[in-house]
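Asker: What follows is each chain in one-letter form.
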Amino acid sequence: MTRTKRLALLLCIVMLTSIMSSLTVMAEEKPDTWIADRVVQIQAYVDDIGYALPEDQLNTPVMQELARRTGMKIEFLYTEGEKDRYVMATQLATGNLPDMIVSYLNNSTRPEFPILLKAARDGMFADLAPFIIESKVYSKYMDKEYLPADTYDNIVWRKDFDGQVHFLHMNIDAVDTSTIWNPAEEYIGGMYIQRAIAEDLGIDVKTINTSEQLFKLLQDIKAKEYKDVSGNPVTPLGPKFWGGSADALQYVINDLFWGVSGDYNITEDGKVLHEAETDWVYKKVDWLRKALAEGLMHKEFFTIDETRAGELYANKSIAIIADVHSYKEIIYGSDDWIPLGPIANYKGDTRKITSGKGGRGQWAIPASTENPEEVFKLMDYLSSEEGQLLCLYGVEGVSYDMVDGKPKLKPEVQEAMDRGDSKTLCDKYGASFDGSGVYGLEFILTDRQNEAYFGEARPGASSGSTFERSVKLAEEYTREYHLVPGLPAKAFLTDLEDVNNAMNLLNYNETLVQAAFAESDAKVKEIIESFREQLKHAGIEKFEKLVEEKYAENPNLINFY
Amino acid sequence: MSSIVKNQKRSTAALLGRRIWLHGALYIMFIPCVVYFILFNYIPMAGIVLAFKDFSFRKGIWGSPWVGFDYFKMFFNSYDAQRLIRNTLIIGFMKCVLEFPFAIILALMINELRNARFKKISQTVSYLPHFMSSVIIITMLQRMLAPNTGAINQLIGALGGDSSTFYLMEKKYFLPILFLLDLWKNMGWDSIIFLAAMSGVDPALYEASQIDGCGKLKRMWHITLPGIRSTIGVLFILGVGGLLSSGFDQIYLLRTPGNMEIADTLDVYVVRTGISGGQFGYATAIGLIQGVVGLILVMLSNKISKRITEVGIW
Amino acid sequence: MRKPLVLTKSNKVKDDLADTLVQVVIVILVTLFCLTILLPFINIFALAFNDGRDAARGGVFLWPRIPTLDNFKAVFKDGKIVSAYKITVSRTFLGTLLSLWLMTMSAYVLHIKTLPGRNFFSMAIALTMLFGGGLIPTYIQYNRLGLINTFWIYIFPGAIGAYYLFMIRTFYDGVPDSLIESAKLDGCGWVRIYTQIILPLSKPIIAVIGLYCAVNHWNDWFSGAFYQRSNKLWPVQTVLQSMLNKAMKSSEEISSVGQLIAAEANTTTTDSLKMAAVIVTITPILMVYPFIQKYFAKGVMIGAVKG
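Chains as they are written, first to last, in the working numbering: chain A, 20 to 580; chain B, 587 to 900; chain C, 6 to 312.
Everything labelled a hint here was simulated from the structure, so no lab data went into it.
Take the hints with a grain of salt, since some may be wrong.
Unchecked claim - Result set (DSSO-like, lysine-lysine): computed pairs, CA atoms no more than 30 Å apart in a straight line:
| id | chain 1 | residue 1 | chain 2 | residue 2 |
| --- | --- | --- | --- | --- |
| 1 | A | Lys-447 | C | Lys-237 |
| 2 | B | Lys-595 | C | Lys-118 |
| 3 | B | Lys-771 | C | Lys-299 |
| 4 | A | Lys-290 | A | Lys-371 |
| 5 | C | Lys-237 | A | Lys-102 |
| 6 | A | Lys-442 | C | Lys-208 |
| 7 | A | Lys-309 | B | Lys-892 |
| 8 | C | Lys-91 | B | Lys-706 |
| 9 | B | Lys-771 | A | Lys-137 |
| 10 | A | Lys-102 | C | Lys-91 |
| 11 | A | Lys-137 | B | Lys-645 |
| 12 | A | Lys-102 | B | Lys-802 |
| 13 | B | Lys-771 | A | Lys-102 |
| 14 | C | Lys-118 | B | Lys-771 |
| 15 | B | Lys-595 | A | Lys-542 |
| 16 | C | Lys-82 | A | Lys-442 |
| 17 | B | Lys-757 | A | Lys-302 |
| 18 | C | Lys-208 | B | Lys-892 |
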């Protein structure tokens with residue numbers, strides 16, 4: 020046979036096989052859920068997504084199954100950078116965007132939001148409104164009762180968008196459970212005390228509810244001269260578990276915070292003020308100065324780095340952790356630490372403040388994306404019961420089995436979850452397992468109702484052993500919720516751009532720390548007065564006036580207590 | 587008259603033409619460099635117009651509306667402008683001027699080492715810090731300087747002093763700590779270039795001086811240093827351009843509420859205001875201020891240096 | 006007023022004594038300086054070779070308490086680091102060669118004092134050190150040049166650094182003009198002067214700038230992170246950076262238990278593991294320096310001139 024002939028034959032074979040295979044595809048009927056043959060690239064501005072991606076994203080069991088059902092596959096792109104939102108701003112500016120983007124967005128006060136809003140106003144995103152109307156799951160978003168007020172008014176159906184929708188909030192619970200304490204879905208944050216010390220002192224940890232009581236407790240601990248594992252003296256109050264920060268103060272001296280709306284509150288005669296403009300600032304500083312002077316508080320409470328904070332706690336050199344939560348190993352790994360408090364708020368209320376149903380994360384389709392309706396349909400499918408099962412539990416028979424109509428994780432999957440082996444979960448199974456695996460697939464869902472759909476709060480929650488104690492703590496130390504609707508006053512700063520820019524530079528927490536470490540009371544006064552002056556210079560009065568007006572208009576807008 | 591001028595002009599033009607012709611091969615060799623700087627520096631540099639524009643994601647750099655000098659006014663009117671500039675100048679001066687001689691001194695010392703092996707090892711060791719990320723260095727520094735438990739304080743305590751000093755929280759220690767840290771990190775790395783320059787000094791000069799009975803110190807001063815004069819000059823001129831861009835990492839990590847009054851610099855400001863998160867115009871404006879000041883400083887020092895030592899970068 | 010050539014014996018002894026003293030002082034100072042560097046490095050090694058959980062208790066300084074190789078095994082278990090190494094080595098090699106070729110050549114052109122336009126070019130190049138368009142125009146330009154998401158993003162941008170260019174030019178200034186003049190009289194063209202006189206004489210500066218470029222290539226994590234869409238072409242430093250950067254979420258960013266668990270699973274990297282990764286990443290490039298040191302031993306250049 021000559022070379023040409025051989026080639027011709029080869030070509031014939033190739034052609035034949037390709038015709039045959041296309042015939043078989045045609046013969047194999049497409050499922051109802053079919054959308055299009057397409058790989059959707061999603062740029063994630065979410066570090067947790069970037070950290071947990073399968074080695075071969077397009078060929079995990081979940082992606083193969085998704086392609087079988089819809090023809091589509093998902094590929095997450097993640098760009099490492101200083102901060103996710105800076106990466107987002109830069110990529111928006113350069114216009115180099117794939118089919119879809121997702122970012123953090125707990126509510127409209129998050130720092131990502133102004134960037135997204137600007138991009139939407141500049142016409143960077145496709146209008147999703149027409150797709151929502153025809154959708155199965157996202158059509159629920161048209162119901163004002165379904166969405167959280169902030170999501171409805173400020174994110175999805177913004178008045179200034181004229182009926183268009185540019186980004187969608189995700190992870191909305193189907194049913195509002197925000198005021199119900201469900202131990203399987205709660206974590207206990209805030210102060211924890213060494214059990215041994217609490218028992219030795221004979222205190223009931225739940226009865227420490229004011230900063231005064233706490234101060235007394237710290238003094239008692241100091242007086243007992245406890246020793247840590249290497250024989251060094253124990254410091255009564257230590258920094259936040261993740262390293263020094265002034266945020267932890269909200270758990271330590273919660274009753275010295277004026278109100279629950281960030282740094283602002285409203286006086287009885289209707290005047291909005293920053294806490295620094297009131298005497299509350301001095302109450303806080305005094306408490307801190309006294310605690311520091313008596314050696315009740317670790318000196319590096321505000322500045323210590325994470326590694327060294329971890330060492331303090333591993334060695335039990337601290338009696339009370341200012342802030343940690345029940346899903347950290349130090350807490351669930353042993354029963355050495357128990358929750359302390361909580362400290363009540365300034366009105367004497369120990370209930371946990373919630374602003375109601377919330378969401379997490381947003382997605383948008385860049386205007387440059389072709390056939391955006393396909394991307395939208397995929398997102399809508401993923402949030403259906405069928406889609407959520409696939410995203411959260413993976414493929415039946417591979418990572419879970421159906422038992423009594425509910426999914427049950429296979430033992431090897433459960434074991435990998437207990438080990439925290441996210442690599443195996445990602446590469447071998449490709450589902451999210453509520454975050455332990457491919458985090459992205461959980462992040463992009465909405466209309467969540469795990470209990471109703473799957474009979475448990477999270478995949479494996481009913482049989483997992485790792486977090487047993489976390490749940491137990493939440494059962495033992497139940498807390499109540501108190502609903503205060505609205506956003507922190509700060510959220511409205513973006514309405515006044517110049518004031519916002521100036522205020523961004525002022526850091527109240529830093530001022531507090533500065534004052535706490537000042538060498539004299541005169542210096543404290545000087546620091547606080549200077550801060551007040553800077554607030555004035557930044558135009559705070561203009562802002563306070565705006566908030567007063569907004570609040571008068573609708574008190575549910577701002578979460579003043 | 588005019589014809590003479592014309593002739594002269596023509597002849598200078600012809601002369602220039604001839605000179606260019608004579609250097610023809612050099613221009614060809616220079617083409618890659620020109621192309622490189624145009625593609626990778628000058629075209630992106632046009633983005634400086636952002637400093638005068640209200641950036642719109644959709645309209646891009648050129649389509650966005652002009653705002654004139656708004657960002658500059660905004661910056662100079664801000665409460666912090668004065669303090670920021672002062673801090674930046676102080677830290678910049680420290681890094682660009684005060685630290686400058688130390689790399690030379692280290693190079694001189696290493697150059698004088700007799701034991702070849704010790705010389706080699708110390709050279710290698712001295713440049714190790716360049717490879718450590720700031721995050722790791724700061725953790726170690728915090729550990730060392732911690733009140734009561736840190737190595738420094740324990741030493742002071744053992745000697746009977748007050749061991750509770752919180753170095754990172756006190757304003758007065760910020761500059762010395764930053765200075766030592768930066769020095770420690772860069773001295774070895776920066777000294778490499780001087781060591782290379784020293785290898786260019788004619789050994790015959792050393793031999794002659796030995797015969798003259800010059801001591802080591804004298805030789806360093808009279809032979810080695812003058813021998814690397816032009817390297818010193820050029821590096822210094824290039825260095826002062828960065829006076830207003832004092833870096834971000836170290837300062838940000840060392841910054842605490844206790845020392846922020848003197849630790850806030852322009853680079854830190856850009857990050858703190860979240861400017862990089864969308865207010866591109868403002869960030870560009872601040873970069874432009876840094877660049878202009880840098881340019882003035884470079885031109886000045888170039889001029890001075892050329893007059894005194896005949897060393898200059900143009 | 007030159008001193009007599011023949012020194013009296015006592016004088017010589019005194020001078021030797023002074024020299025020895027100077028030498029001793031120098032050795033002490035250099036040793037102290039090196040110690041301040043070595044101690045932290047030993048600490049890094051001790052941590053990297055110690056069990057991670059145990060090291061988190063603190064107190065590991067100069068020697069591992071529970072020695073183990075697990076951290077290194079864990080670093081290599083993740084296949085990423087091996088493929089990233091290939092990227093890093095090839096970019097360092099190619100990038101350094103390109104930089105050296107472009108910069109030695111351009112610096113040579115700028116070194117010729119008779120070149121018309123020399124000052125203009127120098128100034129134009131110096132300007133690039135002071136002014137930049139910022140991230141966005143740069144990104145747009147790279148995108149236009151088709152460099153985004155390719156290996157070449159590591160090679161071309163940054164191939165010429167103004168700072169290094171001036172360093173090289175300054176070094177050339179030390180080459181005696183007479184050498185160039187006589188070469189010209191011998192009928193050498195500009196190119197031959199560059200390849201036969203300038204290049205052989207500038208070994209020390211080529212060594213130094215080569216080292217600087219190689220180290221910069223090796224250490225650069227930013228372009229891997231920022232100009233690549235996926236981690237397929239990441240160099241080791243970007244992999245390391247993504248490991249060191251994994252920050253804990255503070256509680257206000259957390260809104261569900263699922264998110265907490267995810268953050269726990271994905272960000273729990275012990276310091277020991279981080280240190281092991283640091284060692285794995287930087288050791289190869291540290292090895293380069295000792296090899297190039299011989300190029301700037303005293304008198305290398307002059308020897309070349311005479312030879």
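Asker: Does Lys-442 of chain A pair with Lys-208 of chain C here, judged by a C-alpha cut-off of 30 Å?
Answerer: 48 Å, violated
Asker: Verify the proposed pairing of Lys-137 of chain A with Lys-645 of chain B, using a straight-line Cα cut of 30 Å.
Answerer: Between Lys-137 of chain A and Lys-645 of chain B the Cα gap is close to 12 Å, so the pair holds against 30 Å.
Asker: Checking one constraint from the list: CA of Lys-595 of chain B to CA of Lys-118 of chain C, max 30 Å. Satisfied?
Answerer: This hinted pair holds, its Cα atoms lying about 23 Å apart.
Asker: For Lys-82 of chain C and Lys-442 of chain A, compute the direct alpha-carbon distance and say whether it is at most 30 Å.
Answerer: Answer holds: Lys-82 of chain C to Lys-442 of chain A is near 11 Å, not above 30 Å.
Asker: Take a quick look at whether Lys-757 of chain B and Lys-302 of chain A sit within 30 Å of each other, Cα to Cα.
Answerer: 25 Å, holds
Asker: Take a quick look at whether Lys-102 of chain A and Lys-91 of chain C sit within 30 Å of each other, Cα to Cα.
Answerer: 27 Å, holds
Asker: Compare the distance between the alpha carbons of Lys-771 of chain B and Lys-299 of chain C with 30 Å, and conclude whether the hinted pair is satisfied.
Answerer: With a Cα-Cα distance of about 24 Å, the restraint between Lys-771 of chain B and Lys-299 of chain C holds, given a limit of 30 Å.
Asker: Check the hint pairing Lys-771 of chain B with Lys-137 of chain A against an upper bound of 30 Å on the C-alpha distance.
Answerer: Roughly 41 Å between the alpha carbons, so the hint for Lys-771 of chain B and Lys-137 of chain A is violated.
Asker: Just to be careful, I want the Cα atoms of Lys-118 of chain C and Lys-771 of chain B compared with a cutoff of 30 Å; is the pair within it?
Answerer: 37 Å, violated
Asker: Mind checking the alpha carbons of Lys-595 of chain B and Lys-542 of chain A for me, to see if they're no more than 30 Å apart?
Answerer: 73 Å, violated
Asker: Given the hint that Lys-447 of chain A pairs with Lys-237 of chain C, test it: the Cα-Cα distance must not exceed 30 Å.
Answerer: 19 Å, holds
Asker: Does Lys-371 of chain A sit within 30 Å of Lys-290 of chain A, going by the straight-line distance between their CA atoms?
Answerer: 25 Å, holds
Of the hints listed earlier, those the structure fails to meet are numbers 6, 7, 9, 12, 14, 15, in rising order.
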